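*Asks:* Going down the list, the sequences are from chains H and U. Okay, so the first sequence: first residue is 1 according to my numbering, each after it adds one. Okay, so the second sequence: first residue is 1 according to my numbering, each after it adds one.
None of these hints come from the bench; they were simulated from the model. Hints are supplied without guarantee of correctness; some may be wrong.
A pair holds if it fits inside one copy or across any two, identical chains being indistinguishable in the list.
[Claimed, not checked] Heads up, simulated BS3-like pairs for lysine-lysine below, C-alpha to C-alpha not over 27 Å straight-line:
hint, residue 1, residue 2
1, K241, K137
2, K127, K105
3, K143, K34
4, K105, K266
Owing to the predicted nature of the structure, the values given are computational and were not obtained by experimental measurement.
Protein chains: 2
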Amino acid sequence: MPMLEAWREKLMEKSSGFMNNTKQMLQALGYDNKQKLLIIHADDAGLSHSENQATMEALRRGLINSYSIMVPCPWFYEIAEFALQYPNFDHGIHLTLSCEWNSYKFGPVLSQEEVPSLVDAQGYFFKSRKEVLNRAKPEEVKKELCAQIERALSFGLRPTHLDSHMYTLGTSIEFLNLYREIGNFYQLPIMLNSKLITEVSGIKTVEFDLKNELVIDSLYLGNLTDFKKGKLADYYANALKKLQPGINMILIHPAYDTHEMRAITKNHPNFGSAWRQIDLEFFTSQQCEDLIKKEKIQMISWTEIKKLIYP
Amino acid sequence: MPMLEAWREKLMEKSSGFMNNTKQMLQALGYDNKQKLLIIHADDAGLSHSENQATMEALRRGLINSYSIMVPCPWFYEIAEFALQYPNFDHGIHLTLSCEWNSYKFGPVLSQEEVPSLVDAQGYFFKSRKEVLNRAKPEEVKKELCAQIERALSFGLRPTHLDSHMYTLGTSIEFLNLYREIGNFYQLPIMLNSKLITEVSGIKTVEFDLKNELVIDSLYLGNLTDFKKGKLADYYANALKKLQPGINMILIHPAYDTHEMRAITKNHPNFGSAWRQIDLEFFTSQQCEDLIKKEKIQMISWTEIKKLIYP
Numbered sequence: 001m002p003m004l005e006a007w008r009e010k011l012m013e014k015s016s017g018f019m020n021n022t023k024q025m026l027q028a029l030g031y032d033n034k035q036k037l038l039i040i041h042a043d044d045a046g047l048s049h050s051e052n053q054a055t056m057e058a059l060r061r062g063l064i065n066s067y068s069i070m071v072p073c074p075w076f077y078e079i080a081e082f083a084l085q086y087p088n089f090d091h092g093i094h095l096t097l098s099c100e101w102n103s104y105k106f107g108p109v110l111s112q113e114e115v116p117s118l119v120d121a122q123g124y125f126f127k128s129r130k131e132v133l134n135r136a137k138p139e140e141v142k143k144e145l146c147a148q149i150e151r152a153l154s155f156g157l158r159p160t161h162l163d164s165h166m167y168t169l170g171t172s173i174e175f176l177n178l179y180r181e182i183g184n185f186y187q188l189p190i191m192l193n194s195k196l197i198t199e200v201s202g203i204k205t206v207e208f209d210l211k212n213e214l215v216i217d218s219l220y221l222g223n224l225t226d227f228k229k230g231k232l233a234d235y236y237a238n239a240l241k242k243l244q245p246g247i248n249m250i251l252i253h254p255a256y257d258t259h260e261m262r263a264i265t266k267n268h269p270n271f272g273s274a275w276r277q278i279d280l281e282f283f284t285s286q287q288c289e290d291l292i293k294k295e296k297i298q299m300i301s302w303t304e305i306k307k308l309i310y311p
Numbered sequence: 001m002p003m004l005e006a007w008r009e010k011l012m013e014k015s016s017g018f019m020n021n022t023k024q025m026l027q028a029l030g031y032d033n034k035q036k037l038l039i040i041h042a043d044d045a046g047l048s049h050s051e052n053q054a055t056m057e058a059l060r061r062g063l064i065n066s067y068s069i070m071v072p073c074p075w076f077y078e079i080a081e082f083a084l085q086y087p088n089f090d091h092g093i094h095l096t097l098s099c100e101w102n103s104y105k106f107g108p109v110l111s112q113e114e115v116p117s118l119v120d121a122q123g124y125f126f127k128s129r130k131e132v133l134n135r136a137k138p139e140e141v142k143k144e145l146c147a148q149i150e151r152a153l154s155f156g157l158r159p160t161h162l163d164s165h166m167y168t169l170g171t172s173i174e175f176l177n178l179y180r181e182i183g184n185f186y187q188l189p190i191m192l193n194s195k196l197i198t199e200v201s202g203i204k205t206v207e208f209d210l211k212n213e214l215v216i217d218s219l220y221l222g223n224l225t226d227f228k229k230g231k232l233a234d235y236y237a238n239a240l241k242k243l244q245p246g247i248n249m250i251l252i253h254p255a256y257d258t259h260e261m262r263a264i265t266k267n268h269p270n271f272g273s274a275w276r277q278i279d280l281e282f283f284t285s286q287q288c289e290d291l292i293k294k295e296k297i298q299m300i301s302w303t304e305i306k307k308l309i310y311p
């Protein structure tokens with residue numbers, strides 16, 4: 001991976017030695033070691049009209065500062081038009097290999113014949129990470145994910161980063177390496193975080209190593225317990241209050257709680273329609289804006305990170 | 001076309017001579033020549049959640065008695081599950097070659113590489129009938145439409161008829177013959193009507209001949225002038241009042257006027273979201289039910305027609 005090496009060399013020039021910890025990364029990014037840096041990231045743009053509109057609203061409000069787009073989804077066209085119109089908002093490609101919903105289905109950008117290991121009997125993506133892990137052939141994963149990026153590029157998008165829907169690329173070392181390889185090939189930073197890999201996706205700690213990579217130090221993702229207790233907004237407020245120095249990320253899924261969104265997330269309260277409305281409300285609220293100021297949180301962008309890694 | 005010949009022979013047995021007019025068709029269907037027969041048909045199922053829910057609602061209410069499904073659309077899965085659960089409602093395949101919306105796009109079931117003449121630079125269907133007419137290669141049209149039907153069949157659907165989205169198959173004799181050929185191959189009656197062909201789609205009267213085919217004698221389709229004047233419901237009521245003996249059809253597009261539907265039909269008042277809500281309301285109303293009774297209108301089904309044509 002020559003680009004990764006170039007990046008490491010660049011970082012070495014800026015730092016006192018080989019960069020293998022957050023402090024050095026912060027230094028290379030030009031920030032103080034004590035600064036609390038934050039990306040507020042909205043996943044799932046393109047999924048639906050409700051998701052698109054809420055994402056646009058939260059971006060315009062200025063509290064979330066990046067989002068990522070699902071190329072295979074029905075409302076891709078609408079969000080892609082927005083991205084072309086507002087290129088200054090950081091937007092990634094939300095690499096998609098699964099569709100978790102019960103009555104709303106989508107499948108690969110490529111035909112079923114090209115990527116048969118990625119689809120169920122009806123040609124849609126599998127619902128769970130586990131099914132993808134058990135069935136998807138790495139060469140087909142690579143082909144499909146590159147096709148998603150190529151489709152976005154051919155549409156005129158100039159993405160700032162890559163991430164992985166449901167963090168399915170964190171289910172095996174092989175997928176994780178593919179993710180790295182694709183990021184490197186397209187010169188796009190990839191979202192990496194140990195909690196996403198070990199807790200959300202499933203690779204054991206012993207199997208992976210994120211040393212010498214730009215990782216998100218601390219990741220905050222709402223949980224079902226807090227949502228059920230009506231404490232989701234409190235969770236986000238607390239995350240802002242307890243933020244530590246380093247690179248932090250809050251991962252959210254803003255959407256309007258509409259007829260459409262309730263149908264998509266039917267029987268799926270986890271990251272469901274009501275949850276997403278809370279995400280929208282909190283991250284467009286005065287409370288959130290005030291907390292960011294009060295806690296002296298410094299928002300950072302994927303654009304900065306991209307410039308550092310792929311100058 | 002051996003099936004078509006078998007059908008003609010069947011009709012000849014039942015009628016006094018070669019069947020070339022409506023009266024004979026009605027006889028063959030077992031109805032009195034003076035009866036006012038009616039199909040109320042909802043197009044565009046599968047287009048969106050709002051369209052699906054309204055179609056289901058109108059079918060359950062019992063006033064509309066057939067609908068047709070757009071296989072390439074994002075909400076196909078939801079309506080297909082409904083069709084499997086309620087197989088007794090007549091459902092056709094709404095053969096789709098175009099996508100008329102501005103920010104909501106869909107494309108062929110087959111890959112772009114397989115049917116390059118059917119898609120724009122971004123891989124979506126063309127917006128207008130004219131573009132399809134000018135660019136689509138008949139062999140690719142046939143391949144894609146058969147793939148749409150095969151996809152529905154493999155899903156477990158057992159359609160009762162075929163029709164054509166935006167009646168694009170009525171733009172040329174070649175397409176019209178393809179439509180006939182596909183209907184015959186799958187042993188499914190096709191929706192044929194001279195007004196759809198000459199007024200909506202564009203083949204000149206001199207070029208086509210619907211003799212010896214089962215056609216809809218009179219077709220009623222709401223128009224923009226009445227919609228703008230707030231007279232769409234009146235148009236439907238008048239259609240019911242002035243219905244003539246023979247096979248009649250009212251073509252509608254019921255949908256809930258939601259956030260989703262307004263976004264899909266943005267800048268497209270013709271068959272837009274508000275229009276579709278009126279369709280839903282009128283065809284679930286007591287007024288409509290009363291008129292059908294008062295005017296002694298006999299509802300007929302595609303299932304009856306299918307049994308006659310392909311016994």
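*Asks:* With reference to the structure, classify each hint as holding or not holding.
*Replies:* Taking the hints in turn, this is what the structure says about them:
1. Proximity of K241 to K137 under the C-alpha cut-off of 27 Å is found in neither arrangement, the shortest distances being 43 Å within a copy and 62 Å between copies.
2. Taking CA atoms no more than 27 Å apart as the test, K127 paired with K105 passes in both settings, with 9 Å inside one copy and 24 Å between copies.
3. For a Cα distance limit of 27 Å, the shortest separation of K143 from K34 qualifies neither inside one copy, at 41 Å, nor across copies, at 62 Å.
4. In this homomeric assembly, K105 and K266 come within 27 Å of each other (Cα to Cα) both inside a single copy, at 13 Å, and across copies, at 24 Å.
In terms of the numbered hints stated before, the structure departs from hints 1, 3, listed from lowest to highest.
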